[in-house]
Structure formats: structure tokens, C-alpha cells
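Q: Please model the complete structure; the sequences and the hints are all you need to start from.
Residue numbers (the numbering used here), protein chains in the order written: chain A, 349 to 676; chain B, 349 to 676.
Just to be clear, a hint being listed does not mean it is correct.
No copy labels: a pair is met if it fits in one copy or bridges any two.
[Said to hold, decoys possible] Taking lysine to aspartate or glutamate and the DMTMM-like style, the derived pairs with C-alpha atoms no more than 20 Å apart in a straight line are:
1. K500 to E531
2. K352 to D376
3. K500 to D577
4. K565 to D508
Derived by calculation from the structure, the hints in this document are not laboratory data.
There are 2 protein chains.
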Amino acid sequence: MTSKIRVGIVGYGNLGRGVEAAITQNPDMRLVGVFTRRDPETVTLADPSIPVHSLDRIESFVGAIDVLILCGGSRNDLPEQGPTLARRFCTVDSFDTHARIPEYFAAVDEQARAGGKVALISVGWDPGLFSINRLFGEAILPEGATYTFWGKGLSQGHSDAVRRVPGVKMAVQYTIPSQEAIERVRQGELPELTTRERHQRECFVVLQEGADAAEVKEAIVTMPDYFADYDTTVHFIDEDTMQRDHSAMPHGGFVIRSGKTGNGPTHVIEYSLALNSNPEFTSSVLVAYARAAYRLHQNGEQGARTVFDVAPGLLSPKSPEDLRKELL
Amino acid sequence: MTSKIRVGIVGYGNLGRGVEAAITQNPDMRLVGVFTRRDPETVTLADPSIPVHSLDRIESFVGAIDVLILCGGSRNDLPEQGPTLARRFCTVDSFDTHARIPEYFAAVDEQARAGGKVALISVGWDPGLFSINRLFGEAILPEGATYTFWGKGLSQGHSDAVRRVPGVKMAVQYTIPSQEAIERVRQGELPELTTRERHQRECFVVLQEGADAAEVKEAIVTMPDYFADYDTTVHFIDEDTMQRDHSAMPHGGFVIRSGKTGNGPTHVIEYSLALNSNPEFTSSVLVAYARAAYRLHQNGEQGARTVFDVAPGLLSPKSPEDLRKELL
Chain A
349 MTSKIRVGIV GYGNLGRGVE AAITQNPDMR LVGVFTRRDP ETVTLADPSI PVHSLDRIES
409 FVGAIDVLIL CGGSRNDLPE QGPTLARRFC TVDSFDTHAR IPEYFAAVDE QARAGGKVAL
469 ISVGWDPGLF SINRLFGEAI LPEGATYTFW GKGLSQGHSD AVRRVPGVKM AVQYTIPSQE
529 AIERVRQGEL PELTTRERHQ RECFVVLQEG ADAAEVKEAI VTMPDYFADY DTTVHFIDED
589 TMQRDHSAMP HGGFVIRSGK TGNGPTHVIE YSLALNSNPE FTSSVLVAYA RAAYRLHQNG
649 EQGARTVFDV APGLLSPKSP EDLRKELL
Chain B
349 MTSKIRVGIV GYGNLGRGVE AAITQNPDMR LVGVFTRRDP ETVTLADPSI PVHSLDRIES
409 FVGAIDVLIL CGGSRNDLPE QGPTLARRFC TVDSFDTHAR IPEYFAAVDE QARAGGKVAL
469 ISVGWDPGLF SINRLFGEAI LPEGATYTFW GKGLSQGHSD AVRRVPGVKM AVQYTIPSQE
529 AIERVRQGEL PELTTRERHQ RECFVVLQEG ADAAEVKEAI VTMPDYFADY DTTVHFIDED
589 TMQRDHSAMP HGGFVIRSGK TGNGPTHVIE YSLALNSNPE FTSSVLVAYA RAAYRLHQNG
649 EQGARTVFDV APGLLSPKSP EDLRKELL
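A: Shown next as C-alpha cells:
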């Protein structure tokens, strides 16, 4: 029997908890420990038999961990942790600030090469699985157009923006793809779609005592960048309803490529996700790619990589022979 | 400027014609020639400036062709041509007899290794893109079930079976996925579906003069393997209607993975194709993978490969930097 892939988790928020759960579904992997910047005593894992360590002590685990899954945020955690940890460990992360991927890639690549490690960056569903489908779409149908729709899903950034409006006590915001726009794309129309035509935004708000609903609504729907360019609906609800109906983190979306082949026929390729927990699904993607990072390193590769560099077979615990026999 | 990838086509049926057309959509490729077992004088290409050669002469093109795209059939052509040609050329083919893939892989692999070439087998949409999505689905959601539905699409094998029925002059058969079954899968029900519940079959038949419609219909719907296990509809039409409405070769289908992550939330991953020309779309997939075969060989790889072994980035004419910047 081959030995299990030894995994470490850095950061224990929603994503870290999801990775812990996902590893239990993958018998070829073993969770060695969780590393946190908090006091380890204050962090309670779902499985209390797994040790929690201070992130300061991680250097002493070189050689005891095959892959580190970095579960921190793209704004404050990963820009520092990604390059530093890639020097000493093979890593997988979900860096998702699209505009900064090139500079983040370069920083991680330099350290991973210097340390002889493999670092898989920007893994998840977007960036990640959606990116792969955008690539396949244009490689197979070079003449055409690609459309990405998000939702229905909870947007963390937009929820935070609503929460900053004076008078708002609690808030969630759902991004809703326009069914009409999706239908037009599916019909092969290749429509030009404005921001307003692609998505709607729906907010659920609990007001602070004495706040004016009309003022709060106006402040939300006219907010530049976040809401002004969209059709936005605002619902005012009470705190109990918020807790009961809006604590899940659903998300998903569609990548649709519509195009024509050389002699004229049109074709539509559609990829969609309907996720009942955005962080848990992202965690499961990270765990599958941790297997790939381990194998790339075993094959002698070094440096930063993205989902574009990973052959699908590396994600599966099955042997190439079994994959050809069972899934091809 | 880098030089173009020099491509040869073996076999000039629907698939070969599609490859010729697809290459015109990919400016980094150049069609060197078409090779045929027929008399080359009798083969007229869409672009008459491209030479047609006898397949017997192909050995003299070693060094002048980077990748051969094999456009023959899986039953009679590829079992012989695949291994033979992989000895001297990098190849891509669409071998699609699922049950025989392991033995075909072994035969091609032996020759490709002996010749130091790369041979990509079983490329297209099923096997091919659908296979990749089956693999991704179970790697990311290990607890769940995968469903493949085909259609609406013209089935060559079933059309041929109808044509063999006494009294049938012309016939086409469409495979139609059950919308009800697809909806149940999308809802995350994980249903157990019988053959009859997954697909329906619809036949359009032109009768020979004097044939008995009721007898023909009975012979079709009770035909073992092909129709007996399905709900089959038979429409009798005249020859003009057949020519006008049933000469296209649409196809497509769905791969749906439904499963749950470690803490219980359920998720649905769906991939679907709606193709107005099955052979043209398959050809476009072959051409994108020809680029990958060329690059794998440039990277020093040797032997048979499948879509499971090809990193997505190798399919695109864009550089890794541009892919990360534009599509990730």
C-alpha cells in the first residue's frame, strides 16, 4: 500500500473547515495539522484528534507535510503567506484577486523555484474550474464569444458594502444571473450585454432601530461600482428571518461559449455550478488539486502553476489505467 | 515569429473535411496535405490548393509533418492505422469504441514509444470532453453520482440499424435525453434511472414502395439492444422531407455530477453541449488537441496519451502569461 499524502491546513475559517471535511472524503490523504495565527488553544477542530499549531512553528514541519493548503484571504493573508510558504512547502491556494494574479504568480514562482517546490495558485471555481472552461471554449471554438454569469449566490464583498450603509444592522446580498440573458446566449445569438442586462442584485437588510428604510434603500441602490449599474431589489426583514433563511452560502454560475466551426455550423458549450456552500465546494477543489501538486512535485516539477498547467488525470486518486477503462 | 504547426489529415470523410475547415480558424497551424486510401485524383478538397496524396506515400512525409490527424473510423481504420502511423508521426485520433480503449491504447503506446512520438487517442467530445468532466466530477465530489445523457442527436449506429429493417428505404434515428430525468438529477435527487427513463428514441423512416408501415414499425420498436429497452417513436415521411429536414448531424448531451461535500451540503456540476454538426465539432476538438500533441512532443514526451494527460493550457495558442492574465 502506498502511503497517504500528508496535508497541512493554514488558516481555519470557512475554507479551512471545508478542507478538513473534504480530506475525510479522500482516503489517500491524511490531515497532519492545522496552523493558525491565533492562539492554538482557542481553535477547535471538527476532529479534536488533529493537532493545532501556531503558524510560527511551521518551519519545524518541513519533511512532515507533503502539501500545505493555504486557506487565508486574498487581500491580507496570501500576498505574504503564499511566497513565504512556497519556499519550504508545496502549496495550494485560492488567490482570487483576478487583476493581481500575474504579480502574485511571479512572487510565488520565485520562491517555489528557489526551494524546489510546486505552488498551485488561484485554485477554486472562479478562478479555477470556470477559467478552465473559458480556455477550452475559445481553444475549441476560436470564432465565438464566452459569457460568464455568476449566481444565484451570496456575494461577500457586496454584502459587506451594504453593511457599511448607515442604518443597516445586518445584510446579505445575492447576485442573480439574468435568465433572459442566459437564454439569449444559449440560442447562439452572441448578444452584447450591458452590466445591467447580465445580473440583478437582491439585498436582504435588517435595519438598526430608528433607521429610515427609504433612505437606506436609496443609499444602497445608488452606491457606485457596487449597485448603481444594476437593477437592485432591497427587502427589509427582521433578525430572526435573517438567521433562519440567510445563513447558508450558496453560489454558482455559468460559463457559456457560443461559436461556429469552419464551415458555419454553430455550437454551444455550457458549464454550470449550483453550489449549496461556496466555501465547502471551493475546499473540495483545493483538496483535489493538492493531490495534483503532490504528484507534480513527485514528477520533478518546480515553481508556480495554475489550473491551466494541471492534466486532469492528476486530480484523481485512480490510476491512469483505471481512468482510461472507467471514465474515458 | 514562430513557424506554424504542420498538420496532415488521414482520411477525407466528414471528419477530415471538418479538420480542414477547423485549421483555417487556427492561424498557428498549416495543412500540409490530405492522405487517402482512395485514388487521390477522385478526392476534391474545399481548398484545392492543398495537395492530396495516396496514403501509401505517407512515409516520405516524415519530417515534413508535425502532427497527423487520423480521421478514419474506429471499427476498420484506426485499429490498423493508429499503431502503424504512431511509429513515424505524432498523431491525434478519435477512437471511440469505449470497451476497446485499453487494448488500443496499448497497441498505439508501444509503437509511439518505439518511434519516439506522441499519440493522443480517443479525442473528441465522448470520449473526450465528457470524459474530462466525468473525471473532474468524481475527483471534486467523491461522494455522489455521475450521469451522462446524450442528445438530442443523430445516432449513426441506430440509424444504420433501422436501415437494415426490410421495407425501409431511408432512415435517421435521434437519441433524446429525458428532460424529466435531467431535472431529477439537477435537483440533487441521485435517482436510479433505468435505460428507458434516461433516453427516448425517435425514428424518421422513408418506406420502400409497397412496404407495410405497421410491420416496419413493429420490427423497429422490438429490435433487441437497439430499441426494445426504450420508448421509441417512429414517423413515416417522404423522401423530400427526409432530404430537407434530416441531413444535418446535430448532437450533444449532458454530464452531470451531483454530490455532497464533507459537512453535508449538496452541489451540482453540469456540462452540456448543443452541437449543430457533430463531425465538425469533433474535428475542432481534434485540431486543438493536435496543438497539444505537438507541444507534448516538443517537451520530450513519448508514447500514447489521452485527454486525461493533457494540461488545459497546451490546447490554447496563447502563452501561459496571457492565459493567466486574460482567462484565469
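Q: Indicate, hint by hint, whether the structure satisfies it.
A: Hint by hint, here is what the structure shows:
1. K500 to E531: both (16 Å within a copy, 18 Å between copies)
2. K352 to D376: Intra 5 Å, inter 43 Å, cutoff 20 Å: intra-copy only.
3. K500 to D577: within (18 Å within a copy, 39 Å between copies)
4. K565 to D508: within (15 Å within a copy, 64 Å between copies)
Hint check: no violations occur; every hint is consistent with the structure.
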